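Whole structure, please, built from the sequences with the hints as guidance.
This is what each chain is made of:
Protein chains: 2
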Amino acid sequence: MALMNKLDGYLNAYQMESIDELSTLVAQPSVSAHQQGLMECSKIIVEMLKKRSFEVQIFSNDVAPIIVAERKGKSDKTLLFYNHYDVQPAEPLDLWLSPPFEPIIRDGKLFGRGSSDNKGNITNRLFALDAFLTEEGELPCNIKFLLEGEEEVSSKHLEEFVSEHADLIQADACIVEFGGVDHTDIPVEYLGLRGICYVQLDVETANQDVHSGLGGSIFPNAAWRLVWALNLLKDQDEHICIPGFYEKVRKPSQRDRELMRKLPETANDYKTRYEIKIFLKGLTGGVDLRLAEVFEPTCTICGITSGYQGPGLKTVLPAKASAKIDFRLVPDQKPEDVLNQLRDYLDVNGFNDVTITYLGGEAPARTDPDDTFIQLVVDSATEVYGKPMQIMPMTGGSGPNYIVQQALQIPIATLGVGYPEGNAHAPNENIRLNDYIKAARHLVRVLDAFGRV
Amino acid sequence: MALMNKLDGYLNAYQMESIDELSTLVAQPSVSAHQQGLMECSKIIVEMLKKRSFEVQIFSNDVAPIIVAERKGKSDKTLLFYNHYDVQPAEPLDLWLSPPFEPIIRDGKLFGRGSSDNKGNITNRLFALDAFLTEEGELPCNIKFLLEGEEEVSSKHLEEFVSEHADLIQADACIVEFGGVDHTDIPVEYLGLRGICYVQLDVETANQDVHSGLGGSIFPNAAWRLVWALNLLKDQDEHICIPGFYEKVRKPSQRDRELMRKLPETANDYKTRYEIKIFLKGLTGGVDLRLAEVFEPTCTICGITSGYQGPGLKTVLPAKASAKIDFRLVPDQKPEDVLNQLRDYLDVNGFNDVTITYLGGEAPARTDPDDTFIQLVVDSATEVYGKPMQIMPMTGGSGPNYIVQQALQIPIATLGVGYPEGNAHAPNENIRLNDYIKAARHLVRVLDAFGRV
Chain A
19 MALMNKLDGY LNAYQMESID ELSTLVAQPS VSAHQQGLME CSKIIVEMLK KRSFEVQIFS
79 NDVAPIIVAE RKGKSDKTLL FYNHYDVQPA EPLDLWLSPP FEPIIRDGKL FGRGSSDNKG
139 NITNRLFALD AFLTEEGELP CNIKFLLEGE EEVSSKHLEE FVSEHADLIQ ADACIVEFGG
199 VDHTDIPVEY LGLRGICYVQ LDVETANQDV HSGLGGSIFP NAAWRLVWAL NLLKDQDEHI
259 CIPGFYEKVR KPSQRDRELM RKLPETANDY KTRYEIKIFL KGLTGGVDLR LAEVFEPTCT
319 ICGITSGYQG PGLKTVLPAK ASAKIDFRLV PDQKPEDVLN QLRDYLDVNG FNDVTITYLG
379 GEAPARTDPD DTFIQLVVDS ATEVYGKPMQ IMPMTGGSGP NYIVQQALQI PIATLGVGYP
439 EGNAHAPNEN IRLNDYIKAA RHLVRVLDAF GRV
Chain B
19 MALMNKLDGY LNAYQMESID ELSTLVAQPS VSAHQQGLME CSKIIVEMLK KRSFEVQIFS
79 NDVAPIIVAE RKGKSDKTLL FYNHYDVQPA EPLDLWLSPP FEPIIRDGKL FGRGSSDNKG
139 NITNRLFALD AFLTEEGELP CNIKFLLEGE EEVSSKHLEE FVSEHADLIQ ADACIVEFGG
199 VDHTDIPVEY LGLRGICYVQ LDVETANQDV HSGLGGSIFP NAAWRLVWAL NLLKDQDEHI
259 CIPGFYEKVR KPSQRDRELM RKLPETANDY KTRYEIKIFL KGLTGGVDLR LAEVFEPTCT
319 ICGITSGYQG PGLKTVLPAK ASAKIDFRLV PDQKPEDVLN QLRDYLDVNG FNDVTITYLG
379 GEAPARTDPD DTFIQLVVDS ATEVYGKPMQ IMPMTGGSGP NYIVQQALQI PIATLGVGYP
439 EGNAHAPNEN IRLNDYIKAA RHLVRVLDAF GRV
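Heads up: the sequence lines are chains A and B, in that order. Per the working numbering: the first sequence ends with 471, consecutive numbering throughout. Per the working numbering: the second sequence ends with 471, consecutive numbering throughout.
Keep in mind that the hints were calculated from the coordinates and are not lab data. Treat each hint with caution, since some may be false.
[Said to hold, decoys possible] Here are the simulated DSS-like pairs of lysine-lysine, each with C-alpha atoms no more than 27 Å apart in a straight line:
| no. | chain 1 | residue 1 | chain 2 | residue 2 |
| --- | --- | --- | --- | --- |
| 1 | B | LYS289 | A | LYS338 |
| 2 | B | LYS92 | A | LYS338 |
| 3 | A | LYS289 | B | LYS338 |
| 4 | B | LYS92 | B | LYS174 |
[Stated by the list, open to error] Chain A is nowhere near these chain B residues, computed Cβ spacing over 12 Å in every case:
| no. | residue |
| --- | --- |
| 5 | ASP26 |
| 6 | ILE76 |
| 7 | PHE119 |
| 8 | ASP371 |
This structure is a prediction, so every number in the text was calculated from the model and none was measured. Idealized CB from N, CA, C, for every residue including glycine.
Structure representation (structure tokens):
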């Protein structure tokens, strides 16, 4: 306890220094979708690691370097942190109350793109390590970092890198990029990630937009072609109609249902926060809503664009139309299967004029809730939050967990600075400073316990 | 013939002065959809009319003034020109080879937004009048102008104005704003306009976009709601599914078919110009294609917007989606009927969450092909083009003809500077200088004959 008091004292005293470090990171735009500022951001990260005497290796590719860093600690055990320094695009810019890349503290929160996802977790890891280095002069265990700059665009280079450099990043356990508390302020241990298959559908019916008075009854209309093609993918009962799509879906187990049942009710919170009138499929709440949220695959239209979208009216027949579609996958679906099934389905239905561009994909992955490392992380929360972490056997998001899991065969935990109103991927992304210090207090306990196992 | 020689001589000598006048008009943006520059443009028009000693009356409203101008001529007959000084939005700007509001001559063509639709016709009318005023010192008949600045947004104030001021604009015949040659360089007399009912559909499912990993399987998605609602409107066989939609459709008569049969083939020209692979409904060309083009009502998606539309991928579930829909109507459909039918249909199918905003509408209108004024206009073309005008009993576009026709009960002819590659409503709008002088030569013959009837 004396050690924990010292570490907590450090964290209390130096929080704003760490928030300053985070602000530096947020102020550097690093939007992987636009290939903006990735190199610059990676350099800031490397400097931060070197400052802590990490041995840093930089692996360049044509998009954003992958960074591997290592520093030895007291015990022989090795913990791997996987994080990413890229962020989602900040658009729509007009909905931000302050500029996305000008971090600012308001009402006890730090606002800025990446403050939560995922730069806040990077500096928070470093903050926890700083506590040990300052108070103890050494780390409690070996620490490795694996950092990439393409997580928000489906980690294109990570799989090959990890399979080629498994030795370099080999560890006993891994903590991945995200995590945080739910709306009851209790942290959640997320033990699975859905996969993703993200595609863009494009239709082109002419070499230019045509006056709608001319072509309306005789020319193909790209927007109509797209609408009809999209309509084929999912019916109004939310059933995804692509043949074979559900074939490899593994239903949640009894243990999954049991864990999901213990989680708090989310229905009212969602309804209030997003002003949603009804849930899909007649769901009203309870364990069924929570199971549907994470154990079912999805087909989400993320965006559609075609023709005239300005104010008032313009009478054109659009020559081009496109949609971005995000399929979330559950074990044991695979993105490459979905891609093939989609192509076949469109072709069979006469939509071979709809081109499919694969923008990225990841397979789903899960970690055993009864693994000892997971129990350690879950229990270490009690001292900070008053309760152990809640265990969520699966979560709705996606990430490269399966890459790490496949190559290293180690348990993967989550722990981080997030909270439900953090607006990850949306305007006004933010973290609460209170969550920031709690996450660091939790992490120092995890590191201490892990080093002593 | 002596008179025509003099008038042609004038037109040959002063074409570039008239093109300069047109360039001044084009250089003044007047985008009614954006309420941009309308007042400024109306002032330029008024000056142009006053310069020709027209008595000008300006009727203000909250958008764009309606201008009525009159000058007496030799005969008692009165010809009314209906034109509009507003233009379509210039977007997408990146497809213009030169800025839309910086008129420029390239390859014998004047490029700029409004050069064809409809500013070119305004200055062309004035150019023909100038020939008479210069060579004869007077106009061959009374001339009235009715000019508005809201044609591209469905002439919202025109109907009320015309019904209240019918005396002021009363005339024996009218030439409306558009016209020109077809792809064989023979001018076309367009004797009908389809109506239009232009609506925007909007869906809002939440107060913000949501991370697609979170809400994909349980939150309503505005883009999906919109796709399903749109899909209800028209099936893949191009049948518009709104109950009652076809009820008042009058089929083309035998005389219509006969006139349509005389018109030149358009199929190959369309295929080449727009790089269209197939026509709708199995049409391949001939009179059937031409009949379908203008005698059938349409439901055209002019634009769709929802969610993320930038480069790469962004995993969001859109809270908002909207589409712009343009129904072209044929006699005796009415826009208000379609609006009601659409609302009922969406409601009956469970889409009362889709709001409909009526952006504008006009009823269809036709003029008798065997009217004596029409024959005069048609025959006057022979001396200029080597052939009389081709008669098209109906055309695909829309306009306020029915307003003039309803109030004044006079024949309405078209005559103008357009040609098929003029890109009206599209980037790189242009006219050919050759067409410009021919249209003026045609018009002076019409005026002369009309004054002598």
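Margin query: Under the constraints set out in the numbered hints, which ones does this structure not fulfil?
Written below: Hints 2, 4, 8 are the ones this structure does not satisfy, whereas the remaining hints hold.
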